[in-house]
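J.: Position chain R against the provided structure of chain V, taking the given hints into account.
Residue numbers (UniProt numbering), protein chains in the order written: chain V, 1 to 294; chain R, 1 to 294.
Some hints could be false.
Taking lysine-lysine and the DSSO-like style, the derived pairs with C-alpha atoms no more than 27 Å apart in a straight line are [what the hints assert, rightly or not]:
#  : chain 1 : residue 1 : chain 2 : residue 2
1  : R       : Lys22     : R       : Lys167
2  : V       : Lys195    : R       : Lys287
3  : R       : Lys159    : V       : Lys248
4  : R       : Lys252    : R       : Lys167
5  : V       : Lys287    : R       : Lys195
6  : R       : Lys248    : R       : Lys274
7  : R       : Lys248    : V       : Lys252
8  : R       : Lys22     : V       : Lys287
9  : R       : Lys195    : V       : Lys252
10 : R       : Lys272    : V       : Lys287
11 : V       : Lys248    : R       : Lys248
12 : R       : Lys287    : R       : Lys195
13 : R       : Lys159    : R       : Lys147
14 : V       : Lys233    : R       : Lys287
15 : R       : Lys178    : R       : Lys159
16 : V       : Lys274    : R       : Lys272
17 : V       : Lys274    : V       : Lys287
18 : R       : Lys252    : V       : Lys195
19 : V       : Lys178    : V       : Lys167
20 : R       : Lys22     : V       : Lys248
21 : R       : Lys252    : V       : Lys252
22 : V       : Lys195    : R       : Lys248
23 : V       : Lys248    : R       : Lys252
24 : V       : Lys272    : R       : Lys274
25 : V       : Lys274    : R       : Lys274
26 : R       : Lys159    : V       : Lys195
27 : V       : Lys287    : R       : Lys248
These are computed hints drawn from the structure, not numbers from a lab.
Everything numeric in this text was worked out from a predicted model, so none of it was measured.
There are 2 protein chains.
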Amino acid sequence: MRIGIIGGGAIGLMFASRLSGKHLVTLYTRTEQQASIINHDGLRLIEEGESRLLDSVMSKSLDEGITDHDLLITAVKQYHLPHILPAINSLDVPLLFLQNGYGHIAHLRKLKSPAVYVGVVEHGALRHDANTVEHTGLGLTRIASFKGELDRLSLVNEKIDGFPFIKSGDYRSMLLDKLVVNAVINPLTAILQVKNGSLITNAFYYQLFQELFDEISGILELENKAESFEHVKSVCMATAGNRSSMLKDLEKGSQTEIDAILGHILSMAEGKGKTVGLASSLYKMIKGKETQGG
Amino acid sequence: MRIGIIGGGAIGLMFASRLSGKHLVTLYTRTEQQASIINHDGLRLIEEGESRLLDSVMSKSLDEGITDHDLLITAVKQYHLPHILPAINSLDVPLLFLQNGYGHIAHLRKLKSPAVYVGVVEHGALRHDANTVEHTGLGLTRIASFKGELDRLSLVNEKIDGFPFIKSGDYRSMLLDKLVVNAVINPLTAILQVKNGSLITNAFYYQLFQELFDEISGILELENKAESFEHVKSVCMATAGNRSSMLKDLEKGSQTEIDAILGHILSMAEGKGKTVGLASSLYKMIKGKETQGG
Chain V
1 MRIGIIGGGA IGLMFASRLS GKHLVTLYTR TEQQASIINH DGLRLIEEGE
51 SRLLDSVMSK SLDEGITDHD LLITAVKQYH LPHILPAINS LDVPLLFLQN
101 GYGHIAHLRK LKSPAVYVGV VEHGALRHDA NTVEHTGLGL TRIASFKGEL
151 DRLSLVNEKI DGFPFIKSGD YRSMLLDKLV VNAVINPLTA ILQVKNGSLI
201 TNAFYYQLFQ ELFDEISGIL ELENKAESFE HVKSVCMATA GNRSSMLKDL
251 EKGSQTEIDA ILGHILSMAE GKGKTVGLAS SLYKMIKGKE TQGG
Chain R
1 MRIGIIGGGA IGLMFASRLS GKHLVTLYTR TEQQASIINH DGLRLIEEGE
51 SRLLDSVMSK SLDEGITDHD LLITAVKQYH LPHILPAINS LDVPLLFLQN
101 GYGHIAHLRK LKSPAVYVGV VEHGALRHDA NTVEHTGLGL TRIASFKGEL
151 DRLSLVNEKI DGFPFIKSGD YRSMLLDKLV VNAVINPLTA ILQVKNGSLI
201 TNAFYYQLFQ ELFDEISGIL ELENKAESFE HVKSVCMATA GNRSSMLKDL
251 EKGSQTEIDA ILGHILSMAE GKGKTVGLAS SLYKMIKGKE TQGG
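So here's chain V without its partners, still in its complex pose:
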């Protein structure tokens, strides 16, 4: 398959390196500089301390225009999506969106393509530099259909070592599950500046964890709260030693995904007339920190 991947961040680089073994991959980057480095020096994938250089990935800056592909994967942050949409709005090619949060769904309704899929990435990935990515945590990618038949997307049936795909029947619950995990773990770890596991092991942080989950699950009107709570907790424990992406973003002084995550939930709360407390305070704390960093 000819696969195009938009986005030269951690997720874009990881997908490009993982898929390049079986597919003809073109990686679209925001800057010409990154594309030129990748074309010149290759793409480096680090995994369990071992580094592999892959020279089959071709890279272009997005400004050069998108060529013909059998699948186009969008791996930019949700807050960059509006800048990308004009380039893909009118394409007929199958599209796969890997954003966190739920807010991007509103954009997808306007796309011309008859086959639109959404995915949730449960791998850990860390971008070291323009052409180096580390696969820090082996997980999986869940894919669901937003429009069109899921089985027409051959990717979901492929076997790629250390990079499994799982079909999901309902994009809403798939995205909501991830949203709840992100909305509870990311803001708390970012403000408290702790690894994920501390939210469970520190008795005071665990109280905040429970309160935030209660608030968010109430706003999202989750049907099975107890099960969802156990899921968030299990993710927290499975990634106990990790620093969340939001914590890392704040440390780097980068923009976070707070608007796509808590921001989205808070605007839902407003729409439903629900009261918010901790979620709203954490939102302001993160936004304030972003202002400071920028």
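T.: Just chain R now, kept in the frame of chain V:
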């Protein structure tokens, strides 16, 4: 006057150095080591970049027992007060308490002394080491009577350069004013890790500042909210470049005064059946950080 001062922290060292010019000062420390350093090397006061060595302060460890004084000043943190009380419970000497918060008032009712005063310190002081203190912000000390006539405390009528005393008619409102200032500024700056001024200049932090003030002034049932709000804001701006004591405590991994400050307010809220939100979240964040540090 023969003045005894209990506590070898920033406030104790500052009072000892400032009062030693006119009075015979004995400083009671927790450790023998600190007393021995002060007796051996003198007490060093740094002010506006200039350092002065004072050799007239005598120091003893509290375990050696308290000798006869005309005034005994207690300058330990509120959470250390219970350990000090047995040594002063049955003294007849006038007592002055310089703790933050309001919770120490409950202890004062049990004292035998007929003259008990409370003070609020609005100076900035930083302890560099066992016998060095820097007077970082010139302010004043408010003193009110808890028991006995205020004018019998000659200290309140003294003129000491750079170290003024002001009489306050009502200890309750004096302590509450300081409590509100501490309860709003300290926890927010400690969790957000910013200097006091950021709470006003950062638009998101200012929203949190307003919300926390609203919550606290509601719990304390302040009579003149608008005036009190302006007071807290003016303190924040006057100390814009300062790092709050709670922020410094967390950075050092020390215990903070959160129980004396927000803890006291939260237990009042519970007693009155008032709902709490941000105050309670901040309390848990600080307690969690203390647990982490310890």
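J.: Confirm or reject each hint.
T.: Right, here's what the structure says about each hint:
no.	hint	in the structure
1	R/Lys22 <-> R/Lys167	holds (20 Å)
2	V/Lys195 <-> R/Lys287	holds (17 Å)
3	R/Lys159 <-> V/Lys248	violated (53 Å)
4	R/Lys252 <-> R/Lys167	violated (34 Å)
5	V/Lys287 <-> R/Lys195	holds (17 Å)
6	R/Lys248 <-> R/Lys274	violated (31 Å)
7	R/Lys248 <-> V/Lys252	holds (23 Å)
8	R/Lys22 <-> V/Lys287	violated (52 Å)
9	R/Lys195 <-> V/Lys252	holds (20 Å)
10	R/Lys272 <-> V/Lys287	violated (33 Å)
11	V/Lys248 <-> R/Lys248	holds (23 Å)
12	R/Lys287 <-> R/Lys195	holds (20 Å)
13	R/Lys159 <-> R/Lys147	holds (24 Å)
14	V/Lys233 <-> R/Lys287	holds (21 Å)
15	R/Lys178 <-> R/Lys159	holds (23 Å)
16	V/Lys274 <-> R/Lys272	holds (25 Å)
17	V/Lys274 <-> V/Lys287	holds (21 Å)
18	R/Lys252 <-> V/Lys195	holds (20 Å)
19	V/Lys178 <-> V/Lys167	holds (15 Å)
20	R/Lys22 <-> V/Lys248	violated (55 Å)
21	R/Lys252 <-> V/Lys252	holds (23 Å)
22	V/Lys195 <-> R/Lys248	holds (22 Å)
23	V/Lys248 <-> R/Lys252	holds (23 Å)
24	V/Lys272 <-> R/Lys274	holds (25 Å)
25	V/Lys274 <-> R/Lys274	holds (20 Å)
26	R/Lys159 <-> V/Lys195	violated (53 Å)
27	V/Lys287 <-> R/Lys248	holds (23 Å)
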